[in-house]
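Go ahead and model the full structure; you've got the sequences and the hints to work with.
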Amino acid sequence: MSKEETIQQELIKNFAFLEGKIRIARERRIFIDVPADKFMEVFDYAVKKMNFNYLCIISGLDEGENLSFIYHLAQNYSIVLNLKITLPKTNPVVRTVTGYFPSCELYERELEDLLGAKVEGLPKGRRYPLPEDWPAGQHPLLKDWKPENLPESNSGKSN
Amino acid sequence: MAKVTIPIGPQHPALKEPASFNITLDGEKILDMIVKVGYNHRGIEKACEQRTYIQDMYLIERICGICSHTHSTCFIQAVEEIAGVQMPKRGLYIRTLVAELERIHSHLLWLGVAGHEVGFDTLLMYSWRDREIVMDLLAMLTGNRVNYAINTIGGVRRDITPEQIKTTLAQVDVLEERTKYYIQVATEEITLIERLSKVGTLSHDDAIRLGAVGPTGRASGADIDVRRDDPYAAYADLSFKVCVDNHNDVLGRTIVRVSELMESYKMIRQLLKNIPEGPVVVKVPRKIPAGEALSRYEAPRGEDVHYVKANGTDKPERVRVRAPTLANVQAVAAMLKNGYLADIPIVVAAIDPCFSCTDRMMVSMKDVNASKENVIDWKTLRKYSIDWYRQNRGLDLSKIKISKRW
Amino acid sequence: MHYVYDLFCILVFPGLIFLSIFGVIAEFIDRKLYARMQNRMGPPWFQPVADFIKLLAKEELIPEEADARMFKVLPVFAVAAVVTAFLYIPLWNTTSLYSFNGDIIVVLYLLTLPTLTFFLAGWYSTSLYATIGAVRTLTQLFAYEVPLFMGILCPAILADSWSLEAIAKFYSEHPWYTLFNLLGFVVSIIAVQGKLERIPFDIPEAETEIVGGTFTEYSGKLLALFRMAIDIELIVCAALLAAVFLPFGLSMAPITIAGLDIEPAVSFLIFLVKILAIIFVMSLIRSIFARLRIDQMIDFCWKYLAPAALVQILISFILKGILIR
Amino acid sequence: MASEVLNHVFKKPATVNYPFVKAVKPDKFRGKLLFHADKCIGCMLCMKDCPSNAITIKKVGEKKFECIIDLDKCVYCAQCVDTCPKKAIEATKEFELAQIDRSKLKIVYKNDNAEVKKDTQGQS
Numbered sequence: 022m023s024k025e026e027t028i029q030q031e032l033i034k035n036f037a038f039l040e041g042k043i044r045i046a047r048e049r050r051i052f053i054d055v056p057a058d059k060f061m062e063v064f065d066y067a068v069k070k071m072n073f074n075y076l077c078i079i080s081g082l083d084e085g086e087n088l089s090f091i092y093h094l095a096q097n098y099s100i101v102l103n104l105k106i107t108l109p110k111t112n113p114v115v116r117t118v119t120g121y122f123p124s125c126e127l128y129e130r131e132l133e134d135l136l137g138a139k140v141e142g143l144p145k146g147r148r149y150p151l152p153e154d155w156p157a158g159q160h161p162l163l164k165d166w167k168p169e170n171l172p173e174s175n176s177g178k179s180n
Numbered sequence: 006m007a008k009v010t011i012p013i014g015p016q017h018p019a020l021k022e023p024a025s026f027n028i029t030l031d032g033e034k035i036l037d038m039i040v041k042v043g044y045n046h047r048g049i050e051k052a053c054e055q056r057t058y059i060q061d062m063y064l065i066e067r068i069c070g071i072c073s074h075t076h077s078t079c080f081i082q083a084v085e086e087i088a089g090v091q092m093p094k095r096g097l098y099i100r101t102l103v104a105e106l107e108r109i110h111s112h113l114l115w116l117g118v119a120g121h122e123v124g125f126d127t128l129l130m131y132s133w134r135d136r137e138i139v140m141d142l143l144a145m146l147t148g149n150r151v152n153y154a155i156n157t158i159g160g161v162r163r164d165i166t167p168e169q170i171k172t173t174l175a176q177v178d179v180l181e182e183r184t185k186y187y188i189q190v191a192t193e194e195i196t197l198i199e200r201l202s203k204v205g206t207l208s209h210d211d212a213i214r215l216g217a218v219g220p221t222g223r224a225s226g227a228d229i230d231v232r233r234d235d236p237y238a239a240y241a242d243l244s245f246k247v248c249v250d251n252h253n254d255v256l257g258r259t260i261v262r263v264s265e266l267m268e269s270y271k272m273i274r275q276l277l278k279n280i281p282e283g284p285v286v287v288k289v290p291r292k293i294p295a296g297e298a299l300s301r302y303e304a305p306r307g308e309d310v311h312y313v314k315a316n317g318t319d320k321p322e323r324v325r326v327r328a329p330t331l332a333n334v335q336a337v338a339a340m341l342k343n344g345y346l347a348d349i350p351i352v353v354a355a356i357d358p359c360f361s362c363t364d365r366m367m368v369s370m371k372d373v374n375a376s377k378e379n380v381i382d383w384k385t386l387r388k389y390s391i392d393w394y395r396q397n398r399g400l401d402l403s404k405i406k407i408s409k410r411w
Numbered sequence: 002m003h004y005v006y007d008l009f010c011i012l013v014f015p016g017l018i019f020l021s022i023f024g025v026i027a028e029f030i031d032r033k034l035y036a037r038m039q040n041r042m043g044p045p046w047f048q049p050v051a052d053f054i055k056l057l058a059k060e061e062l063i064p065e066e067a068d069a070r071m072f073k074v075l076p077v078f079a080v081a082a083v084v085t086a087f088l089y090i091p092l093w094n095t096t097s098l099y100s101f102n103g104d105i106i107v108v109l110y111l112l113t114l115p116t117l118t119f120f121l122a123g124w125y126s127t128s129l130y131a132t133i134g135a136v137r138t139l140t141q142l143f144a145y146e147v148p149l150f151m152g153i154l155c156p157a158i159l160a161d162s163w164s165l166e167a168i169a170k171f172y173s174e175h176p177w178y179t180l181f182n183l184l185g186f187v188v189s190i191i192a193v194q195g196k197l198e199r200i201p202f203d204i205p206e207a208e209t210e211i212v213g214g215t216f217t218e219y220s221g222k223l224l225a226l227f228r229m230a231i232d233i234e235l236i237v238c239a240a241l242l243a244a245v246f247l248p249f250g251l252s253m254a255p256i257t258i259a260g261l262d263i264e265p266a267v268s269f270l271i272f273l274v275k276i277l278a279i280i281f282v283m284s285l286i287r288s289i290f291a292r293l294r295i296d297q298m299i300d301f302c303w304k305y306l307a308p309a310a311l312v313q314i315l316i317s318f319i320l321k322g323i324l325i326r
Numbered sequence: 002m003a004s005e006v007l008n009h010v011f012k013k014p015a016t017v018n019y020p021f022v023k024a025v026k027p028d029k030f031r032g033k034l035l036f037h038a039d040k041c042i043g044c045m046l047c048m049k050d051c052p053s054n055a056i057t058i059k060k061v062g063e064k065k066f067e068c069i070i071d072l073d074k075c076v077y078c079a080q081c082v083d084t085c086p087k088k089a090i091e092a093t094k095e096f097e098l099a100q101i102d103r104s105k106l107k108i109v110y111k112n113d114n115a116e117v118k119k120d121t122q123g124q125s
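Chains as they are written, first to last, in this note's numbering: chain S, 22 to 180; chain R, 6 to 411; chain E, 2 to 326; chain C, 2 to 125.
It is possible that some hints are incorrect.
[Unchecked claim] Below, computed lysine-lysine pairings styled on DSS-like, alpha-carbon distance capped at 30 Å:
no.	chain 1	residue 1	chain 2	residue 2
1	C	Lys64	R	Lys185
2	E	Lys33	R	Lys404
3	R	Lys21	E	Lys33
[As the list claims (entries may be wrong)] Some chain S residues near chain R, calculated using beta-carbon distances under 7 Å:
no.	residue
4	Arg49
5	Cys77
6	Ser80
7	Ser89
8	His93
9	Tyr98
10	Val101
11	Leu104
12	Leu108
13	Ser124
14	Tyr149
15	Pro150
16	Pro161
17	Leu162
[Said to hold, decoys possible] Derived list of chain C stretches under chain R, where covered just means 3 residues or more per stretch with a C-beta under 8 Å from a C-beta of chain R:
no.	region
18	2-16
19	60-72
Hint data in this document are derived by calculation from the structure and do not stem from the laboratory. Glycine included, every Cβ here is placed at the ideal spot set by N, Cα and C.
Spelled out as structure tokens, the structure:
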């Protein structure tokens, strides 16, 4: 049994609801669809018990009705576990993972700025990557967003 | 001297790209700092969604000027994985060859920049002069000095000839000789070591906790390297050492980078010796089947990550880019704690920052924001300067003829 | 006629005009050498002049909050101080233009003046970078000034005089005694790098840290004057070192060609060569070191430079007891 | 360091004195694009693939096409050269393309060989 399959077995053993949701795309790449409400449990287990000690990135996707967030976790810098959660666009709220990885603050701010997600527990701070005077409610990475949506008054001058 | 807050950036001689460090100083000591990034947001991720894969290739190559091959390879690897392409071996070897040459050019560039930041311009001039050798090699192999455009989906665009292999090997010998000298400089020059040693310390634990990647992490004893841990292209066929150092400071980062240069020379020799015959590219249809892939790549600055999602058309559904600097920039604040004002340039430079990579996009939104008055054309500019000199210096320069070409 | 001669000396030769021209040449040589050491081409011969003329043509901006009068007067002060200092240095024979007992101290203090004007310039600019540069200038002054004074005064101890003329005369009579001052020479040449704010001691104007340092807010003619002051200071420092530490060749036997005594001219040429040699050494120092941090600089000056200067003083005192009784 | 530095004082500088001495361009260099109107079949693939929309192919008659290349938009990737099935576009080694007047960067290759020649000469 390969390493990837061992990881798959271990996750299914602990989280029965993941049965059939784990896909081994290739060597060192595991994709998992995690139910949003169970996400923190799986994440916590993967980080603390299975030594997935490095977060590559958090990707945000606009999938029409829903927003998806993918947490790309790496074990020993090698095997990457891609945990995907899907949330309705009306209420895209996730918990911050800055408690596990302090460095992911900027990735989470990006989710907030570019996709309009709400990250609970993220400390107040400067926006990233959009300028401070960017109009509220404008999230450029949403599929239906177009540059014309910007109000004309926005000078584009960042502070 | 009372507490003062000084801005380093967004425009500053020490920064080659816009980023801002607001630093509160007590005399020369740093009390506090606020890092601001995001000045260079260019909208590349959004733009990628509206272009075809072939167009994206060149767009993504331009995320960064120095590690252009990095980004384009990383993106193309993801696309190829989704498309399920059986890659030709020779193509992969050439890709890896260019990647290693790029690493050499990037590290030599960094060495020069580091020298300049501590006022050691001689090192800058020497290492940039030697960098010309590798730039010429890259130009010979790919056509151009930067933005090599050697990659294409399914392989590489240009093959290499036996003569080129010979020239490359000869030039690599020259570079190796020079690099030995730089190792000597980095470990023996007194003033340089004074400025680099015990500066910008990042402990091993902090490096792991803050997720430092590349030479920044390796200089703090983190034994990480995508080339070995998650091999791509031809790296699985190569034998090389991952250079780890335990100095935890800027000196360590320098040593890691110069020793990596030596490893790169070794790798290039292996690549050129074992390069297989055969085609360099396979044909890939314009439409990529639906799917997703995460691609990782060891850029000269650390781990570069691209996530691509395809939806079955000739345009990607989503492209996500994380340049190494974004992972490293957060460690800068930890490095500068209790440091000196004079150390800021070198500590910032030591992560080899590339803020344009990091920020990826600014909305040049239909040029909406650049109103017409901001653009001064040549005639207006000339008229302005003539008027200025007439008013302020009493000189009439309007009679001066300018070259006909203009 | 006496006044006309004085005026000629102060304004034309070897005063202001000669110094400005020679300063420009020295800057060119320094830049060219620095470039060639770095395997670059370096500037063409007219580059420093072109830079100077360009600066003269540029718009002057004075910060709103700066004290405009001080801001304008300081560059003139700096130039005046260095030009004055040069008049006391013996050039073509052992007699200088104006000499009195104790002039070596006056020259050293005149050379401190430009540093003080740099400090004031930075301080009155009220810009953050300029202020930090100003504070660094002053901090640095305390570090290198003492070793520099001690180093340069050592030959005076051996010569038993506080007048540059007498020192020069003494050493040209006993050229071998200069060897005893070698340590002092090394100390002084390193300390002078600090005075001239050159690498490794260019901390007050470290561009990668504090942009332009003390001169951040200066532009146009005022900056041109400061640049001129620095160029002239380079020559004056080199000339002072040459006069004190390398005084041979000053009083040779008269050389006559066609009945004319050209000995002063030959001596003067030798003196210029000595100045250029010292500039060469300074360029070399500039190209082989990295810039130190201000705390390291002070450490270095007080831990190594000052004790070395003290040792030199000790040597001078002992030798004086043995040799000159 | 000192010996290295002193050695260089007597060495020839490494600088290439650019406007007077020109560096040799490699064979694979991708410079200004050249359009051969006689070869074009009007498939418009180059237009489609161009990352910066710098190429416009216009139909001017039966199987006759002319091409407008915006050199200020072009990123010199030469993808069009690879894409073109008939090799109607060629990358030259010309790289000194800076102009003060933006309109001069727009190059029109008319479908008439004589004019093509005149046009390219006028621009270089």
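Against the structure, the hints:
1. Under the criterion of a C-alpha separation no larger than 30 Å, the hint pairing Lys64/C with Lys185/R is inconsistent with the structure, at around 62 Å.
2. At roughly 35 Å between alpha-carbon atoms, Lys33/E and Lys404/R are farther apart than 30 Å, so this suggested pair is violated.
3. With a C-alpha separation of about 26 Å, the suggested pair Lys21/R and Lys33/E falls inside the 30 Å cut-off, and the hint holds.
4. For Arg49/S, the interface hint holds, since its Cβ comes within 7 Å of a Cβ in chain R; the closest pair sits about 6 Å apart.
5. This hint holds: Cys77/S has a C-beta 5 Å from the nearest C-beta of chain R, less than the 7 Å allowed.
6. The interface hint given for Ser80/S holds, since its Cβ lies 4 Å from the closest Cβ of chain R, which is under the 7 Å cut-off.
7. Residue-level restraint check for Ser89/S is violated (minimum Cβ-Cβ distance to chain R is 9 Å; threshold 7 Å).
8. For His93/S, the interface hint holds, since its Cβ comes within 7 Å of a Cβ in chain R; the closest pair sits about 6 Å apart.
9. At its closest, the beta carbon of Tyr98/S sits 4 Å from a beta carbon of chain R; the interface hint therefore holds under the 7 Å criterion.
10. Hint status for Val101/S: holds, given a least beta-carbon distance of 6 Å to chain R, under 7 Å.
11. Annotation: Leu104/S was flagged as interfacial toward chain R, and the flag is violated, the nearest CB pair being 12 Å apart, outside 7 Å.
12. Nearest Cβ of chain R to the Cβ of Leu108/S: about 16 Å, over the 7 Å cut. The hint is violated.
13. Look at Ser124/S: its Cβ gets to within about 4 Å of chain R, closer than 7 Å, so that hint holds up.
14. For Tyr149/S, the suggested interface contact is upheld, since its CB lies about 5 Å from the closest CB of chain R, less than 7 Å.
15. Hint status for Pro150/S relative to chain R: holds, with the closest Cβ pair at about 4 Å, below 7 Å.
16. Checking Pro161/S against chain R by beta carbon gives a least distance of about 6 Å; that is within 7 Å, so the hint holds.
17. Annotation: Leu162/S was flagged as interfacial toward chain R, and the flag holds, the nearest CB pair being 6 Å apart, inside 7 Å.
18. For the region 2-16 of chain C, the stated coverage by chain R holds: 4 residues have a C-beta nearer than 8 Å to a C-beta of that chain, and at least 3 were required.
19. Coverage of the region 60-72 of chain C by chain R is violated. Counting CB-CB distances below 8 Å, 0 residues qualify, and the rule asks for three or more.
Checked against the numbered hints listed earlier, the structure breaks hints 1, 2, 7, 11, 12, 19; every other hint is satisfied.
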